[in-house]
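Asker: Given these sequences and hints, build the entire structure.
Protein chains in written order, with this note's numbering: chain A, 1 to 342; chain B, 1 to 543.
Please keep in mind that the hints were generated in silico from the structure rather than gathered at the bench. Be aware that one or more of the hints could be misleading.
Listed below are the simulated DSS-like cross-link pairs for lysine-lysine, each with C-alpha atoms no more than 27 Å apart in a straight line [stated by the list, open to error]:
| no. | chain 1 | residue 1 | chain 2 | residue 2 |
| --- | --- | --- | --- | --- |
| 1 | B | 285 | A | 62 |
| 2 | A | 176 | B | 77 |
| 3 | B | 109 | B | 164 |
| 4 | B | 365 | A | 62 |
From chain B, some residues computed to sit far from chain A (all C-beta separations above 12 Å) [to be verified]:
| no. | residue |
| --- | --- |
| 5 | 162 |
| 6 | 193 |
| 7 | 237 |
| 8 | 296 |
| 9 | 311 |
| 10 | 358 |
| 11 | 450 |
| 12 | 455 |
| 13 | 476 |
| 14 | 487 |
| 15 | 489 |
| 16 | 498 |
| 17 | 525 |
Built from N, CA and C at the ideal position, the CB exists for glycine as well.
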Amino acid sequence: MEAVSADERGPWRLALRRFLRNRLAVAFLGLFVLIVLFVLAAPLWAEHVAETGPNQTHTLQKLQVGDETREVVSPAGLPIGPQWFEAGGKFFLGADSRLGRDEMVRLMYGGRTSLFIGIVSGLITTIVATILGLLAGYYRGWVDSVIARVLDVIWSLPVLLFGIALGVSLAVGGLKIGPLELSGGSIWVPIFVICVFTVPYMARPLRGEVLALSEKEFVEAAVAQGAGPLRVMFAEILPNLASTIIVFFTLNIANNMLFEAALSFLGAGVQPPNSSWGSMISIGEELLTTQPLLAIIPGTMILLTVLALNIVGDGLRDALDPRSKVRLEAHAGTVEPEGASV
Amino acid sequence: MKKSLAVFAVFSLAALTSIGLVACGSSDSGKEGGTLDVTYASFPDYMDPQLSYTAEGWTAMGEVYIPLLTYKGAEGKAGSEVIPGLAKDLPEISDDGKTYTLFLRPGLKYSNGKPVKASDFAYAAERMFKVNSGGSPFYTGIVGAEKFAETKSGGIAGIETDDKSGEIVIELTKPRGTMTNELALMFVAPVPAGTPNEDLSADPPPATGPYVIVNSKPGKGWEYERNPYWEKANSKAMPDYPSGHVDKAVVTVVRNPQTQVNDVEQGKYDWMQNPIPSSRYQEVKSKFEGTQFVVRPTISTYYFWMNTRRPPFDDVKVRQAVNYAVDPAALERIYAGQLVGTQQILPPGMPGYQQFELYPHDMAKAEAMLKEANPSDLDITVWTDTESPNNEAGEYFNGVLQEMGFETKLKILNADNYFTVIGNQSTADLDAGWSDWFQDYPHPNDFFQPLLAGESILPTNNANFANVSDPALDKEIARLGEQQLGPEQEEAYAELDKKYMELAPWAPYGTRTLNTFVSDEIDLDSIVYNPTFFEHLTSFQFK
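Answerer: Written as structure tokens, this is what we have:
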């Protein structure tokens, strides 16, 4: 193979190489991929193994396990526990509640909902925060003041309490602001709530970076060449923010999944009969003493997903901005030559 | 109107009173005296007899404010018998059914030592209107009451009293078969003239019963002490009314029912007023039934309503199909054994109840009927509240409708404002949903007039969620409502029940059971329970 010098490699290839050297990050990326595949397989499992949908109730259904007949919900209202493969995969993790819905099917579909909300709200947050950060940091003056004050106001609110209030009211009545219309119970309601409260956490640091970048020579050169504000912001400054934005994006997904879980646990997120991992913990909480797995399993799924995204996010940060790692390690007294990590 | 367990308690108060009249003091094996430690999951809506309209409030004040009439202390249908309270006898009713005459028992005193006067009844009725009590609609049939409700001045012309003889005469605008029951509600329990016309929850009015409320701290708790004038005066005037066994009771609000269960198990509290949470129900039942725990029937109906004014439920065949699809057996499990399946308007225990089953569960038949009806609009919204297991019942109903072929959207509202929202006709998409009804008083009219009569359809605070109005049935409700309840009327109400179920504005699925859970220090067998007024405080006794 032809040897390629470091100078000839593009920055993205170098970053990829650095990321692949981080075994922990790669392992957790693999775990995240597995989780995604798991939830994507929901329709297959539901149709071919469980033979039921995520919201289908089986309160009075009986399972035939060998010679034994087992009730999905006992007359006392206790849902059946995990059956693993004893009933051919049906009720693999048991039933979710007195409604007798298949916990495994709801876990898979609920994961799709949780991941969808996490990724989409993460994406929207990232786009909105990037635009606001660019505008505030580049224009400064009154534009910066207005954006900063609005973000300050949102930042100063008790996020969870306000999110619950907003989530509950929107879950009932929906939202209509001009062309934006959300019906109550829509999955877009928690996405909207999450985005409103997480944008400041990304927009503020991005604004700081834009402020610093706009002082750089390459920006002055672009302006001197007659580039307009849009071109300077999006063609000159934005590419230099790419690494920060990518890291933020992964962390946003993780944080937003936790936010969604909290909202759903408190009844202000995903609305029944649809499930998310947060709402499943809420349902399982009532049966914590008799069927603890109903809360533990979706909780574990959230834990693993958020952990994986955080570690992947850290890995991406180290790969895309090795200097930050050096800075961090300098604090810990374990400085390495910068080239060593390249 | 009672929309929840909380509201349900209103009747319990009166019932508690009556229960005590008959049954308390019957246990002679237990100890006398002591302090009863009680826990409620929430503070009552009001600690004021004219205002309270919840189960907690009526239970809390049942031994404190005795109305002119009250209910017999017994379970089931026997407990629906109205008996004299502060009045000497049941009312004498004129031949035209419009004049009720009662006499106050002589020698009665309030806990502050002032005499109870006949005019205090008129004062209490006026106070009820002045504070805009939720119970005032029961009494607008009194001559001049509607005008008084508007002007709040000039007195109620239809109530005449004579303090000397103790005579109380009530004139009605038209005969009202439920008036006797309504006189047994605490809304019109006498209070001293001059009692402020405001919410007195923090400083409740003087008592007429064996106990008086002291140290009321809204949101936190209250205490009972013996009424100092009970032994001196009232018990002599009402010798049949129980005096109670404990000397004192301390009530603490503990908002977590799981904690309440643990505390009663450990003996920290002697009684939890609210029911056991579903998640602990079977555990407590299996461990303590018969010794510290007992299941109690209620006179209630749990049902799914269908809006008969909007497609697709404007078609009776569609509504009947839904009745075939709903399976009370499944809902019994969803309520974890705390519900007994029925499919009719009137619940067991209510006068006029005759069991029938028009719609035995048959999903295939339901689907076929829906196909035959072929409604043009299958897109519906299903409503329920957040309170467990009503939310799960709503989810079950939503699932059943989907299985039948409807396109559904489920809306789950906070229980605090659920009935306000679905009772407002301007709320969009009120197609179908969950509801329950606990009797205000043991009279079948209470299940038809407010819930199913055409004249009960209101733009706001509507309780006729199905918006059903059948002229012939409306006429029958009005006719029966003017008559005193007797065997003939009970038969007519049973027929009305069947006719409404043929019209199928609801898919009823059961009647709720409640429970009493006490510590091992308490004599469970001595506790008197009435389906209208629940546990009677005067019957609690230490072993």
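Asker: What are the numbers of the hints that this structure violates, sorted from low to high?
Answerer: 2
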